[in-house]
Every structure is written in C-alpha cells, then in structure tokens.
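Visitor: Which chain is which? The protein sequence lines are A and B, in order.
Quick note on the UniProt record's numbering: the first sequence kicks off at 1 and runs consecutively.
Quick note on the UniProt record's numbering: the second sequence kicks off at 1 and runs consecutively.
Check the hints yourself; a few may be wrong.
Some chain B residues flagged as far from chain A (calculated, every beta-carbon gap over 12 Å) [claimed, not checked]:
1) TYR57
2) ARG58
3) TYR61
4) LEU75
5) LEU79
6) LEU136
7) GLU156
8) VAL173
9) MET200
10) ALA213
11) ARG251
12) VAL262
13) ARG263
14) GLU264
15) SER267
From the structure, some residues in chain B lie toward chain A, with a derived Cβ separation under 8 Å [said to hold, decoys possible]:
16) ALA51
17) GLY54
18) LEU105
19) LEU109
20) PRO120
21) TRP122
22) VAL229
23) MET249
24) THR250
FYI, nobody ran anything at the bench for these hints, they're computed from the structure.
Virtual Cβ for every residue (Gly too), placed ideally from N, Cα, C.
So the chains spell out like this:
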Amino acid sequence: MWDGIGDFLAMGGYAGYVWGSYGVTAAVLLLEGVLLGRRRRRAHALLQRRTRRAAAGSQSKGGNER
Amino acid sequence: MSSRSVPWLKFTAPANFYALAQRLTPWLWAGAALLCLAALYIGFFVAPAEAHQGESYRILYIHVATAWMGMFLYLLMALYGGIYLVWRIKMADIMARSIAPTGALMTFLSLWTGALWGAPTWGTFWVWDARLTSTLVLLFLFLGYIALHGAADDREKGGRAASLLAVIGAINVPIIYFSVDWWYNLHQGSSVIRADGPSMAPSMLTAMLLMIAGIWLYSAAVVLRRAQVEALEREPRSEWAQAAAAGRMTRTQRELAAAESVREHTSQEEGQA
Chain A
1 MWDGIGDFLA MGGYAGYVWG SYGVTAAVLL LEGVLLGRRR RRAHALLQRR
51 TRRAAAGSQS KGGNER
Chain B
1 MSSRSVPWLK FTAPANFYAL AQRLTPWLWA GAALLCLAAL YIGFFVAPAE
51 AHQGESYRIL YIHVATAWMG MFLYLLMALY GGIYLVWRIK MADIMARSIA
101 PTGALMTFLS LWTGALWGAP TWGTFWVWDA RLTSTLVLLF LFLGYIALHG
151 AADDREKGGR AASLLAVIGA INVPIIYFSV DWWYNLHQGS SVIRADGPSM
201 APSMLTAMLL MIAGIWLYSA AVVLRRAQVE ALEREPRSEW AQAAAAGRMT
251 RTQRELAAAE SVREHTSQEE GQA
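The shape of chain A in the complex, shown without the other chains (with noise of 0.2 Å):
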C-alpha cells in the first residue's frame, strides 16, 4: 500500500501533521514513564534509608547490653 519507506514518510503531504501528532504523543507518554520513575526510585531510596536507620539504631541498643 506505501510505496517504499519515503513514501511512508511522506504521509501524502501531511508528513509534518501526522508524524508531529504522534512524535510528541510518544514524547509525553515517554516523558510521564521517565519522570514517574524516578520519583518511585527516590521514593523507595527513602524509605530505604529510614529502615537502614531504624535497624542500625537497634543494633547499637544491643551492643551496648554486652
């Protein structure tokens, strides 16, 4: 039905329509992954943190017992 990949491209005329449609539709999606991602890692690197401390808060109440 398209006649080789330039023809694909050129979308009948409406290359920069269409590929400008889903060019920044997959950009933003993109982009949504990407920034939730990181703010899950910072999440989980915090109260990461908070659990290290918490257990190494524990292990000096029983160092000092010995």
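Since the structure of chain A is already known, use the hints to place chain B on it.
Guide: Just chain B now, kept in the frame of chain A:
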C-alpha cells in the same frame, strides 16, 4: 464498615491497594504496548487513505483515543474526589490525585493532535467553537485540581478543596460530549457511536478501537503506579511502606497495616461526630 462484608473496601487500605497494583501493573503495561502496536500497524499499514482527508486522517486514531481518555479520567477523578469528600477515605484522594496528571496529559494531547489535524483539514489550528473551548476548560480543570491540591499547607484541606473543584467541574464533561449536537460547531459529529452504526471503514474502526483500548490500559498502568508512589510518600514511617520499598512486604505486615487503616479511619470518623 467491615472490610469482609464489602470485598472492594479491602482496597481502601493503602497496603492492600499497593499489593494489588503491584500484581496488576506488569500486565497492564504489556497489554498497553501490545494493543498500541497493533493499532499502529493496522492504522498505518492496513487501513487505506481517507477519501476527503487523504493521509492526514490517521492523526484521528490518537486524537480520538486521547480525547475520550481525558474525559473518562476526569469523571473518574471527580468520582474519587466525591468519595473522598463524603467518606474521607484517604485512598480515594490518592487515586484522584494520581489520575490528574495523566488526565491533563491526555487532554493536552487531544488538543495538540486536534490542532495538527485541523490545520490541513479546516485551514486553522484553533477555533473558539464549543467543543474545542470546553476541552480547553477540561485541561484547566485538571491543572486547577493539581494546583489547588498542592496549595494548602495541610494536605487534607488541599485534598478537600481540590475534590470539590473536581466534582463541580464534572458538569463540563457532558458539555464537551454533547457540544457537537447542542451547538453549531466546526468540529464534526460522532462517527463511532451513532444510532446507525459507525460510519467508517472496518479497518479504520478496528485501529481506532485498538488504540482506545491501548491508551486505556496505559492510563490504568501509569495511574496505579503513581498511586503506589503517592501512598508510599504519604506513609513514610509505616512498616508496610518500608517493606514495600524494599520489595518484600509480607502478608502479615499487609494485614496489620490494613487493620491499622481501618482503625485510623474509624477514630477519625468518631472524632468528627
């Protein structure tokens, strides 16, 4: 309000919700990718050019999918906002807050793709007709919800104010949907949902429905993921959140946390009475 009598109430406890979302999201991501790829394949390599618009009509696959999603997400956000206002269920506020950014993105994309389709088809990127204007209002409602939620020092106060805005703003969604029938519009009427059946070629319709389903699953995945993070951020001192962040929340931890959520909610209700 025992969590045993009404099964879904179980997921009003953030720990239970977290575990459920953890199980669902990988499947939602995979489904979204699969459906969107299938939609793109059929939309670009099977469906023929359109008689009047040529190839530019292919923008409509993503335009219709994101426009529907924006409206649907708004109604869902308003529903959760309403639940939060009436029953003060924290998880409902977490859900509404997690829907807002994706709803705003979908609405932005529908406006953007609509402009790029309108330029060659109508000869203009933008007109102040009823549907375009009410869709712009929808974008501002999402952004207003986000701003209002973060504006108050107290998260509960901000959540309540934003939820109220979400519920009142829901009136805009039927206005968008029926605007093409109610007013004279440059925007065309519906071609999928019609009394006489869809008015397009079967391959075009298939691509459009696949894209709608794909965007639906994408939104579900990203909203659930965001709600998980939001739940962790709101309970940084709880044992379940710390275990969940490390990827090893046990069943006992989850059940203890759920029981604690129920106690917290009950005492809060008694405090108000």
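Visitor: Hint by hint, say whether it matches the structure.
Guide: Quick rundown of the hints versus the structure:
1. At the 12 Å boundary, the C-beta of TYR57 (chain B) falls inside the reach of chain A, the nearest C-beta of that chain being 9 Å off.
2. The beta carbon of ARG58 (chain B) is not kept farther than 12 Å from every beta carbon of chain A, the shortest such distance being approximately 6 Å.
3. Look at TYR61 (chain B): its CB is around 9 Å from the nearest CB on chain A, not clear of 12 Å, so calling it non-interface is violated.
4. Every C-beta of chain A lies more than 12 Å from that of LEU75 (chain B), the closest at about 20 Å, which supports listing it as non-interface.
5. Against chain A, the non-interface label of LEU79 (chain B) holds: every CB pair exceeds 12 Å, the least being about 22 Å.
6. Taking the minimum C-beta to C-beta distance to chain A, about 17 Å, the non-interface status of LEU136 (chain B) holds against the 12 Å cut.
7. Once the 12 Å rule is applied to beta carbons, GLU156 (chain B) is consistent with being away from chain A; the minimum gap is 20 Å.
8. For VAL173 (chain B), the non-interface assignment is confirmed: its Cβ lies about 22 Å from the closest Cβ of chain A, beyond the 12 Å cut-off.
9. Every C-beta of chain A lies more than 12 Å from that of MET200 (chain B), the closest at about 17 Å, which supports listing it as non-interface.
10. Listed as a non-interface residue, ALA213 (chain B) keeps its Cβ farther than 12 Å from every Cβ of chain A; the least gap is roughly 15 Å.
11. Non-interface status of ARG251 (chain B) relative to chain A is upheld: no Cβ of that chain comes within 12 Å, the nearest being about 19 Å off.
12. At roughly 23 Å from the closest C-beta of chain A, the C-beta of VAL262 (chain B) stays outside 12 Å, upholding its exclusion from the interface.
13. Interface exclusion of ARG263 (chain B) from chain A stands, the closest Cβ pair being 22 Å apart, more than 12 Å.
14. Under the 12 Å C-beta cut-off, the non-interface status given to GLU264 (chain B) relative to chain A holds; the minimum distance is some 19 Å.
15. The beta carbon of SER267 (chain B) sits about 25 Å from the closest Cβ of chain A, which is more than 12 Å, so the claim that it is off the interface holds.
16. With its C-beta approaching chain A no nearer than about 12 Å, ALA51 (chain B) sits outside the 8 Å limit, and its interface hint is violated.
17. Taking 8 Å as the C-beta contact cut-off toward chain A, the hint placing GLY54 (chain B) at the interface holds, the least distance being around 5 Å.
18. Using the Cβ-Cβ criterion of 8 Å, the hint placing LEU105 (chain B) at the interface with chain A is satisfied: the shortest such distance is roughly 6 Å.
19. For LEU109 (chain B), the suggested interface contact is upheld, since its CB lies about 5 Å from the closest CB of chain A, less than 8 Å.
20. With a cut of 8 Å, the hint placing PRO120 (chain B) at the interface with chain A holds, because the nearest CB-to-CB distance is about 6 Å.
21. The beta carbon of TRP122 (chain B) is not positioned within 8 Å of any beta carbon in chain A (closest approach about 12 Å), and the interface hint is therefore violated.
22. With its C-beta approaching chain A no nearer than about 5 Å, VAL229 (chain B) sits inside the 8 Å limit, and its interface hint holds.
23. A distance limit of 8 Å between C-beta atoms decides the matter here; for MET249 (chain B) the minimum to chain A is near 11 Å, and the interface restraint is violated.
24. A distance limit of 8 Å between C-beta atoms decides the matter here; for THR250 (chain B) the minimum to chain A is near 14 Å, and the interface restraint is violated.
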